[in-house]
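S.K.: Listed below, chain by chain, are the residues.
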Amino acid sequence: MNRPHMHALAPELETFAAEPYYQPVGHELELFAAAAKKKLPVLLKGPTGCGKTRFVEYMAWKLGRPLVTVACHDDLTSADLVGRYLLAGEETVWLDGPLTAAVRAGAICYLDEVVEARKDTTVVIHPLTDTRRVLPVEKRGELVRAPDDFLLVVSYNPGYQSVLKELKQSTRQRFVALDFDYPPAELEAAIVARETGIDGGLAAQLVKLAGLTRNLKGQGLDEGASTRLLVHAGHLIAAGVAPRDACQAAIGRALSDDGDAVASVDDLIRAVF
Amino acid sequence: MPSSEPDRLGGEELGARLDAIFSFDVSSGRSYQELIDALAPQPRDEQEFALHWAQVAARTHLEIAYLAVLLAPQALRRLSRRQAEAWLVAALEGFDRSGLRTAVVRLRDIEGFARGARGEVLALQDVDARLGRFLQGLSGRNLRIAAAEAAWTDTETVFLPPAIAAAGREAGTERYKAMAALLWAQARYGTFNVDLDAALPDGPGRDAALAWLALLEALRLGARLGRELPGMREELVAMLHDLPPQLDSARAVLAASQAGVADSLEWLRQRPQLLADLPQGCGWLGALRPDEARRLRDARIRQQAEVLRLSVAELLESLREEKAASQLDLEADAERLEVKVMVDGQELTLPPEGLAAAQSLIQDLGEIPPELLVAAGEAPWKPADRPAGGAGATMETRADLLLDEWDYRRQAYRRGWCHVYLHTVGGDDLAYVPAVRARHAPLVRQLRRRFEAMRGEDRILRRQADGPEVDMDALVEAIADRRGGAEPGPRLFCRRQRDERSLAAAFLVDMSGSTEGWINDAEREALVMLCEALEMLDDRYAIWGFLGLDADALRPLPHQGIRRSLRRRGALAHRRDQAARLHAHGPADPLPDAAPARRTGEASPAGQPVRRPAGRFRRRLPQPVRHRGHPPGAARSAPGRRALLLRDARPQRPRLPQAHVRPGGLLRARRRAQAAAEDRRHLSQADHLTQRAAHRAKSCRRSGPEVGADEALPSRAVAQSRLSSRRRPQNRRRPMAGLLGGAAHGGIRPGRTNQKLPTRFRFSAIAECRQFEVDARIAPLADLACPGKQTLRNVQA
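Chains A and B, in that order, are what the protein sequence lines are. So that you can map any letter, position 14 of the first sequence is 14 in the numbering used here, and since no number is skipped, the others follow by simple counting. So that you can map any letter, position 136 of the second sequence is 409 in the numbering used here, and since no number is skipped, the others follow by simple counting.
Only chain B is shown next, with the shape it has when bound in the complex (with noise of 0.2 Å):
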């Protein structure tokens, strides 16, 4: 299509763009021809915006690009650029969260994303983190916060629509408040304490009692909440003001004190006659699911139970210690959650987790079961058992941490996108440590003389106003000035100072498979020594080891699109290759933290894209690796706190199935690099889609088929793929300076953030004290002696 403005893109121009973004990989029904048809009449800056957002929206899914492209007019329209990037990535996220079909409904609803940016309508993802702290206050328990089209709760999770409108942020939030309060009333406040597959009647009119008791339980938990919680009387009196007119005369029955579920069972068993229709238009009360509902609740009973006993035995033992403990009693105050436990009498303190146990099951069960006071023995499961994390990780698992990521090409967080398992490795060669000493003696010499040099000393302040010695040069010459007619100085006393260390020092580990063989040999040689240094001066330091998650560690999942993407290795190692580019850039400093806004996922008022002004370096740390004082117990008193990343330069190598080497895939390869490479802005793309090219090109070298010869790749992609390759060992001798060094010199390659999956990171607890017997805990590292995910498993099992 001719172009109207010198400096628009015509069609020809067009095309030749979206072949770059789109390949040939466009879906059936598709044309370029529709794509350019929308672009071409649009000023060059809409069309640049249209084209470098279809370009971030392909890495995720090529139907987002293509609507991404054919959209952005209609959205630039309505939307000012900022509202318009905000809207894009709303479409991912929900891409990220629910998959393609929430993306399309946001990209097409544009009316509806205008509305919110003007504050009619308040999205969920704006206040999830907020209303997960909410309901944290209110249970105590950590409450997930999960997007639906219908509200209900499984006891775990409280489900709520994606967005509301609202008369303002304020007067939304307050909705959703207590939206999720009824939920979370529903388990605390004992819905679920009545089997209600029994008490409901099966067949057709199932489905319409269900509806019928979900209000008849919002009256009545919303009662329970005005009086416990008087600030939500207001809010919740709203909700629950255009209820059925059928609802009226239970309205007082359900308000009482004393009434429970029993009441709402009861009131419905005796009106038949509304189980003929369902109840119209009160979806935002919340629904009944008990199935879903009874699962997680007894498995969390038998879990919390399992620990009580656990704890009940610990606390009896320790009694047994000092006497015969005859009889133990538990009081529990259902409504105040308090637990007292009494052995004969005493009043005792069950541990933490034994109380948190309690606690859980007050809230399950409206009290403590007295057959849990018996003590448990050797029990199946432990506390210690987690499910969750390890090498048995899996995309349903539930992780420790969820962390949002900082995608660069969106520019906006993915929120949590990274998770974050926690672990604990074991390990008894206490052998090790010694040994590495041994064999390394004199450099741990030189290193504990030179870390010796930066000890604190005692220093002697002198002519102080105020001390605990008298300085007697200066009161000699105080008295010298005073005979003398002088008026002689104030500063007579001396003080001694000793500059205390405040340092803390977290070291974390690298234990993939590329760490494998003699740099994992380096690595843990390093931080004994590192140790024995900071045991020198007196300083705090903790070990952690990570591990990325990869397709050998999940399961395979139903969706095909996803099981595909979980073949594709590298992404995490290349986040390690990036970590590693940011600690040769500076390891001293302050590693980021996200703004608080935008580390809890709040979104800006506006609903606009939370950009980071931060550097290119700085947000290609690791996620976990970033939040490495966030993990329980970090020392986060010290001002000095270091984060030292212990790593291998090296790349691991991709591993491509061979059904994913075609011949056709380098050619596309390099196409896609070459047209990348055109744009300087998308230089580290193409260095990346090169290296993959080159990759392939070696790989299919190894395996046959006719594909073409390095040297017709970019030059630069060529070494970076044989230096990404090499494998040099040459500072074996010295450990410390090999790794540094390595780290700081090796090959480093650009790259992209695996764009389909969350990351999984492993975070290992390997040692997290100060001032310990090396010999005792640094031992657990020597169990890892070769950390690959093989090796990891055996340690966890």
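Chain A with its partners taken away, still in its complex shape (with noise of 0.2 Å):
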């Protein structure tokens, strides 16, 4: 039967046909690579904004695979992953869900801040991360196998997670992990600058900024300003926004609400710019 409104619902496969820009920091390419040589799953470890996101982009560009985001948040059920029965008409049809979707494709599917999910959601995944590599769908009788070319990735910020949302031994423990961190400063200032279009002085300063609010963690700050935020920033300045006003906007003010910590970070912004 041909549905094409059921058809718009179904999860969309994003596959990369240009390069996404990411500077490797480390050894993550080659280690990302092996584990999806091996079917292993990845779990990706790092503060927010540091560029865990890009980096499965990339990886999915570089592997030629297609890749299944999916943000997981506090309401994300086992049926939003695996997949539900719609009503159309006066039938029921099945709709896979991302996992399900992804398994079948052959893709890269990315859980992105797994934490957030709800422990008994994220039980789904283990058949497929350990030897098994299968995905129940119960509510079909269904066991879908994933193909070689199948790869779980999840990540999540172990800096400001909450003990309530600590993730189960018994899930990370099927993961090879991989840590991430802002990159070193003058790496940094280069990201920011390709990003943005600004000189490299500027974003050396940009950098510098963020440097002295990291210093700043637990001082009133839960987090000091990511490299997502130093972008931000800069594309503001190359948009002809003065530097202070963009610093204020873009990294003092998102970074807390407490009138503190703002003027702190307004502080150090005033005396970098």
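Calculated from the structure, these hints are not laboratory results. Don't take every hint at face value.
Computed cross-link-like contacts, PhoX-like style, restricted to lysine-lysine with a CA-CA straight-line distance of at most 25 Å [unchecked claim]:
no. : chain 1 : residue 1 : chain 2 : residue 2
1   : A       : K208      : B       : K613
2   : A       : K38       : A       : K217
3   : B       : K613      : A       : K217
Make one complex out of these two single chains by using the hints.
M.R.: Pasting the structure below:
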């Protein structure tokens, strides 16, 4: 039966024709490629905005596999991942969830911020992450076997996660873990300059500011300025906004709502620019 | 003096009121008449203002109270009422921080305060918290800000003038930031990296040499900061503009990017004629005190070196489990404070404390000496061996947390008044928890059943617009509606919803001496059972013990007045009583946190005292307890955060030294109590004083001196005294009921804050975890069988 409206609901498999920009910092490319070759699921740990998602996109392009990204959240259910029956006219039709679609297509399935999902939801990935590599679809009584190209990648930020959202050991110990952090200053400045088009000196100043704000972690800030925020500030500067204003909008106000913390970041911004 | 207005207090009435405040303790050379003459012509409200603040100040120092009365009329002519309150609070804060001299200077400088209120002068205390965060951002180190007549740094504290003239608050803040940055740069960019004692001449020219070197270093560091922090360049140039003309030739030399302290010394060495005179008028650029700086710097380097060596050892040990590591290299980028550890060509990450130590060493030494890469064995000092805090805490010991504490009499915060020391207690009595479980098995079962009922169950929400399953009932209805010609409903799905609990509970356990004995047993048993219940609910919880330090934990100090006051106990016990009072009025009430500006010590722009509208009970919670959400690791993300205080309701019995129990003492206390009781606003003071009188009476009766009997005291005081000294373990068989009931109905007495000594609390992280094995983690509690001071000291040792 042809149901174009149902087709529109199917999860999208993203493919990358052009190479996403990613600047390697260590041996993460080799490690990821080796894990993919050996069909080992990968866990990416690192602070927000340090390049985890971009890295997965880059690896999907490099390995030539489609990518399915799921942003995990509190209300994510296992049915949201696996699939569900929908009503079409007077009958029900099955719609694969993003995880099932990725398994069938041999894609990379990237569960972003996996700890945000409830634990009973994340348990559904367990059979996919050991030697079985299968996905049980209980409602259909189906066992979907993952092809060799299928790869599960999850990420989370150990910095601000609460203990309530800690990754269970039974889940954690199924992955090859890669640590991510902000790149060294020189490299980070090159990334900011490349992403935003601002000159290297200005990018270096932004990175300097980021370093100062990272010193305030735990002193009013939960996290310092991420590379992503620097890129945002760089874009504003490239669009003609004064550096101080750009940094206050893209970094100071984005980091915290607390008046004292914002004032502290503003002081640092005024010192650097 | 006769009063011209009927409402105005006359000389006789003023004398009586002043007598109630000052008793007979007015310093020699002072008399009531001077105060009466100053107050008598004033309107009644100004008289009341002066008398009220005299009463507040008298609890801190009688001299301040005297001056407050004397100068209040003059201050009220120059300042608004709120500004006058701020002027008095500033003086009291000056006493808290620096002693009587500062307080007197501030009181007498009414004109200076008026200029500050108009924004012409910026006080350091208004921006010190902001400056501290600024320096933390620059250095990554937690540097303290303190007031001093001259600007200088010992590399751990940046001393700045207590106030500076400025064209406005922002301009003053920028000037303070530039001054602080210059002083920070002395430690960061190598001023103390050479032996200044050897480099500078001895003898009469030494002071001048240090002063000239300070200016040269200001030039060098100003240029360096201008390059590193271009946003500060303008302010730094303005600061360095008016240097003596003899330094003009040094500007270009020291502005070079490679210039170091050796260049400053060399420039000075070539101009010995400068040492004949001190440079004038540049004190705000910062003085050099190399002896003080070297002492702290050397101690810090020793500590950080040991930390780094231990971290290296830890790293190598972890590698040995896999393979034998042979070559370890460490690359340090002194400019960016980046550290790379390479082991056999593989880049590894140091543990966080090792990385921080390496960065600290780079700041102090400019590099990491290769000998530090030799792994440590059993080093004599470990990061966990914190010299600060614990039973050995002294007034000189640096507290882990300095918290502002609300003083309801001043209606203002006492900045940094509450000293909190964090330390971890150990213990290995693993049999304790099973024993408690066995002893209270029926109660544990009952608790588990009750808490199980609170667990969230899956709920099926039917007739939803979206969901993982089809709601068959809704679907049948929809199909029927459609076939019947009616419009079918759109809600055809159902979803399963589990209401997850998001609660974080912090147990704050009183470990004071007053809990010794059955109370402590009950506390620990209650804690074990409550944790059992929380485990059932899968809730997060943390257990903290707190203990107020008293004179026994402090070394005698040279200041005689402080030493005397150290002997006075009871203030901390009193705070705990007040905490229980709050608890009794609603443990589930969200514990009050100060507004952000107040928490961090920022004053309002006009320099007004910050007022807190909360009620009396809220502000009576001990500050460390109120601060329970901020200790490291405290769960901040849970929407439902609760703190549960486990403590006894029995006030700690004051131990008045025999020397303090004099026959006149009771009479004075009783007189002051009765005088204070005449004013309904001061009932709490009366209560406290009468209790003290009662305790003195009892102490004296035991020891023999002739004093009045209890019956002569107000009956309420006697009753409270008896209640507070009674011990009734009637709830021993039911620990939870006993604790919570005791806290709610026990003898609570109002009282006063200790006006002379900072509040000192010790927080012990006993356990901070969730879903742990109760047996293993709760065990440390068992080591606190008698959590009196002596026992704690032993635990820490």
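S.K.: Now tell me, hint by hint, if it's right for this structure.
M.R.: Hint check:
Only pairs whose Cα atoms come within 25 Å are accepted, and K208 (chain A) paired with K613 (chain B) is accepted, the gap being roughly 19 Å. Straight-line distance between C-alpha atoms of K38 (chain A) and K217 (chain A) comes to about 38 Å, which puts the hinted pair past the 25 Å bound. Straight-line distance between C-alpha atoms of K613 (chain B) and K217 (chain A) comes to about 21 Å, which keeps the hinted pair within the 25 Å bound.
Checked against the numbered hints given earlier, the structure breaks only hint 2 and satisfies all the rest.
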